[in-house]
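Take the given structure of chain A and dock chain B to it, following the hints.
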Amino acid sequence: NAGVMQNPRHLVRRRGQEARLRCSPMKGHSHVYWYRQLPEEGLKFMVYLQKENIIDESGMPKERFSAEFPKEGPSILRIQQVVRGDSAAYFCASSPSGVMNTEAFFGQGTRLTVV
Amino acid sequence: TQLLEQSPQFLSIQEGENLTVYCNSSSVFSSLQWYRQEPGEGPVLLVTVVTGGEVKKLKRLTFQFGDARKDSSLHITAAQPGDTGLYLCAGNRNQGGKLIFGQGTELSVKP
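Protein chains in written order, with the working numbering: chain A, 2 to 116; chain B, 6 to 116.
One chain only, chain A, in its complex shape (with noise of 0.2 Å):
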């Protein structure tokens, strides 16, 4: 029963480089969400996706970020043209709703390092 699959679980780009972090939820899980968190912070919420939507991108940057989750294969965060300050851990979420309250489940995260 295989959790929340991140991968890579490291990643090292170069300033302007594209970085792409995938992320496989749980099995029967329909609902994805993305969380950012900078050294000694909490998680910050980037985007919430289900199965073709993106429900909500109120905490994704406007610009060189973009997150797709497909019918089929994992969902995707892409950073384009990446700058030192997208340096971060990134983790994704799963959940089998979006009913209320309803619990995710957490990744090991992708640890991106811009050089």
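Just so you know, these hints were derived from the structure itself, not from any lab.
Since the model is a prediction, treat every value here as computed from it, not as a measurement.
Don't take every hint at face value.
Claimed, not checked - Mimicking EDC-like on lysine to aspartate or glutamate, the simulated pairs with C-alpha atoms at most 20 Å apart in a straight line are:
#1 A:Lys45 to B:Glu43
#2 A:Lys28 to A:Glu53
#3 A:Lys45 to B:Glu111
As the list claims (entries may be wrong) - To give an idea of the chain B side of the interface with chain A (calculated C-beta under 7 Å), a few residues:
#4 Pro48
#5 Thr53
#6 Leu93
Unchecked claim - Quick list of simulated restraints, FRET-style, between CB atoms:
#7 B:Leu50 to A:Leu39: 20 to 26 Å
#8 A:Lys72 to B:Ile18: 45 to 51 Å
#9 A:Pro40 to B:Asn29: 21 to 27 Å
#10 A:Ile77 to B:Ala83: 43 to 49 Å
#11 B:Ser32 to A:Ser67: 28 to 34 Å
#12 B:Gly21 to A:Glu19: 49 to 55 Å
#13 A:Leu39 to B:Ala83: 32 to 38 Å
#14 B:Lys64 to A:Ser31: 42 to 48 Å
#15 B:Ala83 to A:Glu64: 47 to 53 Å
#16 B:Asn99 to A:Arg10: 40 to 46 Å
#17 B:Gln85 to A:Arg79: 40 to 46 Å
Note that the Cβ used here is the ideal one computed from N, Cα and C, for glycine as well.
This is chain B only, laid out in the frame that chain A set:
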């Protein structure tokens, strides 16, 4: 502006001591979750509280949700070095599984 204020931010205690972590807000949450995160890992769900005034116990951990559903506390009895980690509270405001996190409490329990 931090919607969920968590305190203290850092806590260093000796094994066997008791401690309480607080999570406060001026907003009402439909539920509140507590997570524990170890270095290099993702947050692990400890408990979800839903009803105002609710108290849940998990071995030596006691979680309480305020009557007005605006605040919560985590109390650890007789802390052990294995309790060391980052404790995060997170509130849900009727938006599926979308969570608003507090800043976290870094707990260190020394033997």
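We went through each hint and held it up to the structure:
At most 20 Å may separate the alpha-carbon atoms for a hinted pair to count; A:Lys45 and B:Glu43 meet this at roughly 17 Å. In summary, the hint linking A:Lys28 to A:Glu53 is supported, as the alpha carbons are separated by about 17 Å, within the 20 Å threshold. Among the hinted pairs, A:Lys45 with B:Glu111 is consistent with the structure: their alpha-carbon atoms are about 17 Å apart, no more than 20 Å. Given hint, B:Pro48 at the interface with chain A, holds; its Cβ is 5 Å from that chain's nearest Cβ, closer than 7 Å.
Hint status for B:Thr53: holds, given a least beta-carbon distance of 6 Å to chain A, under 7 Å. Because the closest C-beta pair between B:Leu93 and chain A is about 6 Å apart, less than 7 Å, the hint holds. For the pair B:Leu50 and A:Leu39, the supplied restraint of 20 to 26 Å holds, since their beta-carbon distance comes to about 22 Å. The beta-carbon spacing between A:Lys72 and B:Ile18, approximately 50 Å, falls within the hinted interval of 45 to 51 Å.
Remark: the range hint 21 to 27 Å for A:Pro40 to B:Asn29 is upheld by a beta-carbon distance near 24 Å. In this structure, A:Ile77 and B:Ala83 meet the distance hint of 43 to 49 Å, their C-beta atoms being roughly 45 Å apart. Remark: the range hint 28 to 34 Å for B:Ser32 to A:Ser67 is upheld by a beta-carbon distance near 29 Å. Against the hinted window of 49 to 55 Å, the Cβ-Cβ separation of B:Gly21 and A:Glu19 comes to about 51 Å, which satisfies the hint.
Checking the proposed 32 to 38 Å range against A:Leu39 and B:Ala83 shows it holds: the Cβ atoms sit about 33 Å from each other. A hinted range of 42 to 48 Å for the beta carbons of B:Lys64 and A:Ser31 is inconsistent with their spacing of about 33 Å. A hinted range of 47 to 53 Å for the beta carbons of B:Ala83 and A:Glu64 is consistent with their spacing of about 50 Å. In this structure the hint that B:Asn99 and A:Arg10 lie 40 to 46 Å apart at CB is violated, the actual value being about 33 Å.
The supplied range of 40 to 46 Å is met by B:Gln85 and A:Arg79, whose beta-carbon atoms lie about 42 Å from each other.
Checked against the numbered hints above, the structure breaks hints 14, 16 and satisfies the rest.
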